[in-house]
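Chemist: Fit chain B to the known structure of chain A by using the hints.
One-letter residues, chain by chain:
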Amino acid sequence: MVTSPQPSPRGEGAKMQSKEQILSLLSEIPDPEIPVITIKDLGVLRDVIVHENEVEVIITPTYSGCPAMKQIEDDILSTLKKNSIENAKVKMVYHPAWTTDWLSDEAKEKLRKYGIAPPEKTTSDKGALMGKEKVLACPRCGSKNTVMISQFGSTACKALFQCSDCKEAFDYFKCI
Amino acid sequence: MTKQEALFNYLLRLGDTSLILAQRNGEWCGHGPFLEEDLALTNIALDLIGQSNALLNYAAQVEGKGRTADELAFHRTEREFYNTILVEQSNGDYAKTILRQFLCDAFDFYLYTELVKSKDETLAAIAAKSIKEITYHLRHTSSWVERLGDGTEESHTRIQDALNELWRFTGELFEMNQVDTILIQEGIAVDLNLIKPMWESKIKEVLERATLKIPANAFMQRGSRDAKHTEHLGYILAEMQSLPRAFPDAKW
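First to last, the protein sequences are chains A and B.
Going left to right, the first sequence walks through residues 1 to 176 as our numbering numbers them.
Going left to right, the second sequence walks through residues 1001 to 1252 as our numbering numbers them.
So here's chain A without its partners, still in its complex pose:
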């Protein structure tokens, strides 16, 4: 008598999805602090590894002490759970170190529309943050007549500026 292969004890519902499917699910998760961009846009979501019975999601922090990381981890696990993936873990890595260069042009445009000036190039970023160069355009009126108010802003990744023309204060996403 020929025995047919035993069905998986976890049943059909728990069938692992492919890496691409999982990545596309997770790509929809918004950043908890800047909800107009996703954790994929931001470069925090690095990779997904599908093990035999477990899914491992690799993330990296923007700044070492970013308090949103725990929230992002919870969001990833709950998204996976909603899609019947119970056995999952999130691993935080530090290498390669996060850089604003990972933000796509599309993500930068989303930031600007949201009222956050996107990161400049490294050289002009330094000039702007030292208050030496007027290179940052106000995300609301576009004027470059802007001044730095504070090198540190509402979150670790931002500095605070003000537009001298429309008078609006705005966040600048620091270049690192």
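It should be emphasised that the hints constitute simulated quantities derived from the structure, not laboratory data.
None of these values were measured; they are calculated from a predicted model.
Warning: the hint list may mix true and false statements.
What the hints assert, rightly or not - Here are a few chain A residues that sit away from chain B, every Cβ distance over 12 angstroms (derived from the structure):
(1) Ser24
(2) Leu25
(3) Glu56
(4) Asp75
(5) Asn83
(6) Lys113
(7) Lys126
(8) Lys134
(9) Arg140
(10) Glu168
(11) Lys174
Stated by the list, open to error - Derived coverage of chain B by chain A (criterion: at least 3 residues anywhere in the stretch with Cβ under 8 angstroms from a Cβ of chain A; other residues may be distant):
(12) 1028-1041
(13) 1130-1139
(14) 1162-1175
Backbone N, C-alpha and C fix where the C-beta goes; we use that ideal spot for every residue, glycine too.
Modeler: Okay, now just chain B, sitting in the frame of chain A:
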């Protein structure tokens, strides 16, 4: 001493130093001289907590006794902490806090720049992450040291007083022991004799611009390599650890 014991101690040195400095800066939350500096000091504190968390997580892993980073931070006594005695000194006024941060930033800048090349991959990755933040902090504190030193008579006096008081805690930053010998041999740790001239030249450059004078023939206090501290550390730990010690099962 085994290589593992040396690495555990080295990671505590780095992690405890970031943690205690973060706790000190955190005391300024809501008390900064003005809003922007309140934000700056707490942002710097947040980066330091992040760095400390990474280092203590790794320390716990290296130790291999099932302790977590939180247990290392909240369930050790002051005679088990290896942070430099400079970081535990009281905040004093804003000039003293900024000067303490500047002395540490300059030291960390050269230390972590070298640690990026460490043969220990985890430590190198943490260093590569941290150096970006440290560079930004150093830029900020250098400009404030210069502004206060070369500012009014009052600000000059205050920051010179701070330098006179804190200078005696800088000698210990470069002290090495068996831990360093073992780890330098393995290509893991940084030879502190190597970064000392770089640190001195940076300090000299900024202090000159700030019209400040390094105290001559200062006595140098030491102790932290042997987990011996000034009286301040016990009070810091009492405040920092009281909640997790009172409610050890608390989760948030």
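Chemist: Failing hints, ascending?
Modeler: Hints 7, 11 and 14 not satisfied by this model.
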